[in-house]
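In order, the protein sequence lines correspond to chains C and X. So in our numbering, spot 149 of the first sequence is number 149, and the numbers just go up one at a time. In our numbering, each residue's number is its place in the second sequence (first place is 1) plus 577.
A few of these clues could be false.
List time: in silico SDA-like cross-link candidates among lysine to any residue, alpha-carbon distance up to 25 Å [to be verified]:
#, chain 1, residue 1, chain 2, residue 2
1, X, Lys589, C, Pro77
2, X, Lys614, C, Thr487
3, C, Lys369, X, Ala634
4, X, Lys589, C, Glu25
5, C, Lys18, X, Glu639
6, X, Lys614, X, Glu639
7, C, Lys369, X, Lys614
8, C, Lys532, C, Pro77
9, X, Lys614, X, Ser579
Residues from chain X that face chain C, not an exhaustive set, calculated with beta carbons under 8 Å [as the list claims (entries may be wrong)]:
#, residue
10, Pro585
11, Met586
12, Lys589
13, Ile590
14, Met613
15, Met615
16, Glu616
17, Pro618
Source of the hints: derived by calculation from the structure; they are not laboratory data. Using N, Cα and C, we set each Cβ at its ideal position, and we do this for glycine too.
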Amino acid sequence: MRPYFEKMAEFGKPLTEKQIRASEESAKKIKEVERSIEEAAEKVRNAGLPTETINARGEWTVYQRLEYLVDPGTWCPLHTLFDPMDEESGTTGVVDGLGKISGRWAVIIGFDNKVLAGAWIAGQAENILRVTDLAKRLHVPLVWLVNCSGVKLTEQEKVYANRRGNGTTFFRHAELEKLGVPVLAGIWGTNPAGGGYQGISPTLLIAHKNCNIAVGGGGIVSGMSPKGYFDLEGAEQIIEATQKYKAVPPGRVEIHFNETGFFKEVHETEEGVLDSLKEWMKDLPAYNPRFFRVAEPKEPRYSPEDLYHLIPFNQKASYRFEEVLARLTDNSEHMEFKPDYGPEVYTGLAKIDGFLVGIIGNRQGFMPKGYPEYAPYPGIGGKLYRQGLIKMNEFVTLCGRDRLPIIWFQDTTGIDVGDLAEKAELLGLGQSLIYSIEQTDVPMMLVVLRKGTAAAHYIMGGPTANNHNAFTLGTATTEIYVMHGETAAVAAFSRRLVKEKEAGRPLEPVIERMNAMAKQYYEKSRPAYCAKMGFVDEVVPLPALRKYMVAFAGAAYQNPKSICPHNHLMLPRIIKG
Amino acid sequence: MSTEVTAPMAGKIIEVKVGVGEEVQEDDEMFILEAMKMEMPIVAPGSGTVKEIKVEAGQAVEADQVLAVLE
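The following block holds chain C by itself, in its conformation from the complex (with noise of 0.2 Å):
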């Protein structure tokens, strides 16, 4: 199949010095929301107690050890900004991504262990859950760096039980360990009760000689009062017999490697346990990635930072998606699947370093007269129409029949609405998508790069509506809610305007609540929201959205569950002809 992808058809242009004068403010608006989103990240980073501290412990940092770590260049962090409850941290208390590991990719997760010294808090299982599920579905290893000291006792409530509990982390570990993913784990530090079973559930216990994993740490062991009560009498004995098991806690070295072997290995040093995780990285099953890649890998020929002059900040504002991908694939080449059937839509096959990716994603502008077909009315891009779902439909599941991993890029208002949408059957097509991701069992990524809006950010690989979305990007200038805020006021309060006008009364205080919605409905749809909610899982600089691509393709790529040999593939087949 080598004269299919060798060279596959050039697209996009270079930017005119006209495009790019005539953007400059919009760049400089992105830039902003870009440093706005980094200072946060970097007040995540600084969360708990200063590096300094902990090192002067004899200890490293988690970000110390992922430093250490990971390959350098290939670190996409995920869940940066993640904090669904408000922690007062401002953190889940974990810090994970995408890296490679001694030249294989890796999912890799550590208790931030500047916070509470790594405790389970509020939001952190949501965000293990996640990390779980990118592995699962990527098919690639866990590896933990785990300090974890157990629930924070005064938010019990918050973290340990529930069907999306912490502890749900351990069945997970055993889901993965049962579906052939292996969860390696480099231990430190004190691990008590969840923190011991964070230790003990991985498949494999790389430990540092003062750790220790235990059912429970010194506080448990030293018992209930035994009056039901506290007094001074009690406070006494508690420091006595805490005094005596924080000088030796349960579950140490001695036990878990020289009596239950739990441990497979145990260093003298931070380096000494990371080095271990990166030999047996390389005895874990990962494909030559030269099996599975169509064509030699190559930079786009256009600089992905030409995305700040051809994305506009203005979310009414039209661009050319086609401008947009050429700035991500390889040499800017691709091969469209049915480019004159669902204009709004584009599908089609392209390399990411060398590997062969379906993309799909919206257009903007003005659709071709007489489309949609079956109304009078004109087409514009972003809504989705008959054809654009049919289309999708198709190129999706033939995407699952030729084992091709599947980038989406959302710039949606939703799905054609009225009875002649209704006609045309599109409330059963959305679903008919679904449907169809669902029978593909492909890895999918999805990229937000401006509105996902309605229906249309579940149908189009949205994290919401299937198994196969790895994980979503969102952009400086991505914004996500079932509507716009102003459409929403309207719907929400039409029938109260009519009323207060018909009965004479004031209309200014149902304004100013239109008002304040529309307002609100902004906020609650900023990047920055959006990834303190996890409705994506990173905001990315734009010129980063490659190099995600990139982990992802190859992670996709690294030891994949079904495979279809190169000759074999029929996508490249229909689209010629």
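Following the hints, complete the assembly by docking chain X onto the known chain C.
Just chain X, lined up with the frame of chain C:
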């Protein structure tokens, strides 16, 4: 040979991006039309010289209304 540039749908011209006598290439943006809460470019259907501009910024236009003539 003259070519007419028309509005694909009713809306408001919010920007005229070319002037009379200016050379344009196919797909160059000539006008920005605001319609259905979006701002969308109207592009040159082919290469040529702008012979006439028939609308100005802020003007409401109907579908198929001639906005400019290319030569």
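Comparing the hints with the structure gives:
1. Lys589(X) with Pro77(C): violated (44 Å)
2. Lys614(X) with Thr487(C): Holds: lysine 614(X) and threonine 487(C) sit about 11 Å apart, inside 25 Å.
3. Lys369(C) with Ala634(X): Distance ~24 Å between lysine 369(C) and alanine 634(X) Cα, so the pair holds.
4. Lys589(X) with Glu25(C): holds (23 Å)
5. Lys18(C) with Glu639(X): Distance of about 29 Å is beyond 25 Å: violated.
6. Lys614(X) with Glu639(X): holds (16 Å)
7. Lys369(C) with Lys614(X): holds (19 Å)
8. Lys532(C) with Pro77(C): Status holds; Cα separation ~14 Å.
9. Lys614(X) with Ser579(X): This hinted pair is violated, its Cα atoms lying about 32 Å apart.
10. Pro585: OK, holds: proline 585(X) within 8 Å of chain C, min 5 Å.
11. Met586: holds (4 Å)
12. Lys589: violated (12 Å)
13. Ile590: This hint is violated: isoleucine 590(X) lies away from chain C, its Cβ roughly 14 Å from the closest one there, beyond 8 Å.
14. Met613: This hint holds: methionine 613(X) lies near chain C, its Cβ roughly 6 Å from the closest one there, short of 8 Å.
15. Met615: holds (5 Å)
16. Glu616: Where the cut-off is 8 Å and the nearest Cβ of chain C is about 5 Å from glutamate 616(X), the hint holds.
17. Pro618: OK, holds: proline 618(X) within 8 Å of chain C, min 6 Å.
In the structure shown, a violation is registered for the earlier hints numbered 1, 5, 9, 12 and 13, in ascending order.
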